[in-house]
Amino acid sequence: MHLRYLPRNGTDLVLMRCLLRHGVLASLLTVLGMQSAAAQEVRKCALTEPKFHVSGSAGVFEITIDCGAAVANAKAFPSGEGVLAGLSLYADAKPDALMEQGTATELTRTIDAAPAIRTALMKTTASKSVAVAGGPKWIVLKDEDVESFDFPVQTIKLDSEPGKVAVKFQAEVKAFAGKRHMLFAVWPKSESKPCDRDNKFARSGCKSEGYVIGDGAGVHPIASYPGMEINEFKHPNEGWTTERWIVERFR
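So the mapping is simple: my numbering equals the position in the sequence shown, first residue as 1, plus 30.
Simulated from the structure, these hints should not be mistaken for laboratory data.
Don't be surprised by glycine CBs; every beta carbon is placed ideally from N, CA and C.
Any given hint could turn out to be false.
Stated by the list, open to error - In silico DSSO-like cross-links for lysine-lysine, where the CA-CA straight-line distance does not exceed 30 Å:
1) Lys153 <-> Lys105
2) Lys187 <-> Lys223
3) Lys237 <-> Lys124
4) Lys105 <-> Lys81
5) Lys194 <-> Lys230
6) Lys153 <-> Lys187
7) Lys105 <-> Lys172
8) Lys105 <-> Lys264
9) Lys209 <-> Lys219
Said to hold, decoys possible - What follows is a list of derived Cβ distance ranges for each label pair:
10) Asn267 <-> Ala146: 22 to 30 Å
11) Gly110 <-> Thr271: 25 to 33 Å
12) Val160 <-> Val203: 21 to 29 Å
13) Val90 <-> Lys187: 19 to 27 Å
14) Asp122 <-> Lys153: 16 to 24 Å
15) Gly193 <-> Lys81: 28 to 36 Å
16) Val162 <-> Gly112: 30 to 38 Å
17) Ala123 <-> Lys204: 18 to 26 Å
From just these sequences and the hints, can you work out the full model?
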């Protein structure tokens, strides 16, 4: 970090010389430099294909945060500080059709997901060629349009070395009856928001935990599995972006 000091008068010059003489300014620059480096330290990681099994009356989900050098669709994870890992399950839903362009003169659609998922959803919102239990394995949906079940959020800390971290979520199977699609996402700690658990429209995570992650206006996690669909609209006078989840059928 390079800090420029622009003196405005003789008093400033005297103060700066005093600081330099006593090593205070040098120490301050060192501390600021260390803080900046720590704040910018990141690991390139991705969420890999999860596992699901039933153990007695409980359903157990496991996702791996892989920070290996060769992992596909890696994102910048902050290391040395905690991140929030969440799992939501969704009921059956018709996949959303591509959004209408309306007044937009150009639409750019991006599938932010691992290569196999991108290939399956290149020009559609349901993986016609890849299925599970008779239904598309991957579909695109709007979070607010589908009934969901949220597992309690977990705080995960990553170190600065390459490696893998397994994250498990568990709940009684009856708690998520009727839910067949899953979505994992990792968020910054700042995305934890208090909510009104008494609101009749509150999602299950809000009712059970008293908070939600994300702002409801978009998606914007650090990373997610299966991923996101991103639509960028362009118009001569403006442009806008919409994001929707890709979810995976697990049973």
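Evaluated hints:
1. Only pairs whose Cα atoms come within 30 Å are accepted, and Lys153 paired with Lys105 is accepted, the gap being roughly 24 Å.
2. For the hint pairing Lys187 with Lys223, the CA-to-CA distance comes to about 20 Å; that is within 30 Å, so the pair holds.
3. For a cut-off of 30 Å, the pair hint linking Lys237 to Lys124 stands: about 26 Å separates their Cα positions.
4. Distance check on the hinted pair: Lys105 and Lys81 sit about 21 Å apart at the alpha-carbon level, within 30 Å; holds.
5. For a cut-off of 30 Å, the pair hint linking Lys194 to Lys230 is broken: about 39 Å separates their Cα positions.
6. Only pairs whose Cα atoms come within 30 Å are accepted, and Lys153 paired with Lys187 is rejected, the gap being roughly 37 Å.
7. Of the pairs offered as hints, the one joining Lys105 and Lys172 holds, with about 23 Å between alpha carbons and a cut-off of 30 Å not exceeded.
8. Distance restraint check for Lys105 and Lys264: the Cα-Cα separation of roughly 26 Å lies within the 30 Å cut-off, and the hinted pair is therefore satisfied.
9. The suggested pairing of Lys209 with Lys219 holds, with an alpha-carbon distance near 27 Å, which does not exceed 30 Å.
10. Between Asn267 and Ala146 the beta carbons are some 38 Å apart, a value that contradicts the proposed interval 22 to 30 Å.
11. At about 30 Å, the beta-carbon gap between Gly110 and Thr271 stays in the expected band of 25 to 33 Å.
12. At roughly 25 Å, the beta carbons of Val160 and Val203 sit within the given window of 21 to 29 Å.
13. For the pair Val90 and Lys187, the supplied restraint of 19 to 27 Å holds, since their beta-carbon distance comes to about 22 Å.
14. For Asp122 and Lys153, the Cβ-Cβ distance of about 23 Å falls inside the hinted range of 16 to 24 Å, so the restraint holds.
15. Distance hint check: the CB atoms of Gly193 and Lys81 are about 18 Å apart, inconsistent with the given range 28 to 36 Å.
16. A hinted range of 30 to 38 Å holds for the C-beta pair Val162 and Gly112, which are about 33 Å apart.
17. Checked against the hint of 18 to 26 Å, the C-beta distance between Ala123 and Lys204 comes to roughly 21 Å, which is consistent with it.
Taken one by one, the earlier hints fail for this structure at numbers 5, 6, 10, 15, listed in ascending order.
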